[in-house]
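Colleague: Chains as they are written, first to last, in the numbering used here: chain Z, 1 to 289; chain F, 1 to 343.
In silico negatives: residues of chain F with every beta carbon more than 12 Å from chain Z: (1) T2; (2) T15; (3) E132; (4) D184; (5) D193; (6) H211; (7) L293; (8) T295; (9) Q297; (10) F317.
To give a feel for the contact side, a few chain F residues facing chain Z, derived at Cβ under 8 Å: (11) L54; (12) L56; (13) R83; (14) G87; (15) M92; (16) F94; (17) N102; (18) Q117.
Each pair of labels, with its calculated beta carbon distance range: (19) F/R10 / Z/F133: 45 to 51 Å; (20) F/R138 / Z/L131: 52 to 58 Å; (21) Z/G171 / F/L268: 40 to 46 Å.
Keep in mind the hints are simulated off the structure, nothing from the lab. Even glycine gets a Cβ: it sits at the ideal position worked out from N, Cα and C.
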Amino acid sequence: MTAAAGALTAPHRHWARLPFAGRPLAQAGAIGAFIVVAIAVFGPLAAPHNPSATSFSDVLAPPLSPHHLLGTDQLGRDVLSRLLYGARTTLEAGVFATLLATLLGLPIGVVSGYFRGALDVVIMRLIDVTLAFPFLLLAVGLAAISGPSLWNAVLALGVAQVPAVARIARGETLSVRELEYVQAALVNGERSIAIMRRHVVPNVLSPVIVATTVAIPGSIVGAAILSFLGLGVQPPTADWGAMLAQSESYLNQSVWLGIIPGLAIFIAALSFNLLGDGVRDALDPKRRR
Amino acid sequence: MTLLEIDDLRVRFGTAEGPVLAINGLSLALAEDEVVALVGESGCGKTLTGLSVLGLEPPGARVDGRIWFRGQDLRTAPAKRLRSVRGGEIAMIFQEPMTSLNPAFSVGRQVAEALRQHRKVSGRQARDRVMELFELVRMPDPRQHLHQYPHQLSGGMQQRVMIAMAIACEPAVLIADEPTTALDPTIQAQILDLLADLRSRLHMAVLLITHNLGVVADIADRVVVMYAGHKAEEAPAGELLRSPEHPYTVGLLNAVPQPGMHRGTHPLTPITGLVPVLRQPPEGCVFGPRCPLVTEQCQREPPQPREVAPGHLAACFRPGELSPGAGGAEDRGRPAAAGQGPA
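Generate the whole structure from the sequences, applying the supplied hints.
Modeller: Dropping the structure here:
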């Protein structure tokens, strides 16, 4: 569809058919997100050092020092290597939390919007309760029960985002269920469950996908926050949020220890945000028709 | 032989301002192979009748009466039986082909799914059958259309797909809810022609819901005229168009432009006033407030459909007193505003 839009605006220039043609911000976001994902996938292969290897002769080295392009931390670990390894954990937390939210929120919202009535009221009030429940408290609770870990952070973040997804899915379902193809399916004797699966979900998916793309940077930052508070990834695993947290005590000696992971989080979040905006524009029916 | 019989159908909605009787005691019978047209203004309960037959009235509606189909009352039939009737034995097509198809799937797949809802067939057999159906509804290139998406087809083509979907399981009854309203006049004629052809080929009974009397003249055997949830008149199509008995039918016919009519010499005559608000139906005859023949009796008691000629029923105390072309409606002294009522 984006290719078609590109073809309409500039049929003869091949480069214009790139995704998000004519939207440089979205393109920048797509490139940034692609780089972040590439680092997450291939980063460990490119890392010059073991990210957990300490070297006490070489602590708090500034960036651009020999052997350590981005310097070392308080334990002499190579910051570049930790950054490359940390991309994977950080991204995992962001993507899986959002995925979890979608997998829970989409069916909840669709069922709620499709059946309406009392069921809808009950589900939506439960969603309101979830919305009012501070996700940090949930994360602390989970950490208290089963110890802090990446997956507990993902679980807490995912549950915290369910209301947003469920609301969007419900709103879209309310409008889709009134369309005549849903009526036509009923007239053809299809069951509610089949109608939801075949007719409702595919047609509410695009706004939900947009919402989740926009939610990924929130999850990344959320995961960083949890790591920062010690509720997420545990040392010595590299994670951008944890790196930021550990840099705190050394900020007056080596400010780059905070700046580097902070910048990485910032760039990743910004890229996914811009990408999300681009996806939203691309799937916007008003632009499509 | 009667295939589908609607017996004293009443549909009522509870609203904040009190109950609204949307359909009030409608009875009609559909024989095998017969085309019955259900005619009336927007909002008089035509579509609701169609949906109620299939048990798909909107939530909040209370339905009384019986829907006899093949010796069974569908209103009391179990949900499973009802699902097999829907689409399998009674199919329905809608007014808006553009929104009646799911934009997410190819039309071939949608028709195949409609088929597989009721028939156990392999994917291959389903595909062959869809091709056959596409040929039956006269789509120019069935093989190609199979893989097209709804937005790639014109309105007329989409309606053909809808019809293919509806007839996929060779239903005994097709409820066609204004199947041509959203289409261009030339396409309308083609679709009507197609429906008439399919009906004789597949021996389907058709309940044609329409507000277009031209459509009625084309393919209907019998006509039921509805007004504000009531049956106003019922007659064989030719007879109804030639000699309408109910003043409402006369009013409808006077509002249809005819070829050769001239603005100056034959002004179209609107029916004055509006369809009554069903929350406060008038005492007596529902058409009373707009009727040029209204009497005290009409305002006191509601007229029941009575046989005025063999096979010709009219719910009126003074049937046949108003003849088409007589005007009559305008001497009520209330000028009708253009574009009144819901479209």
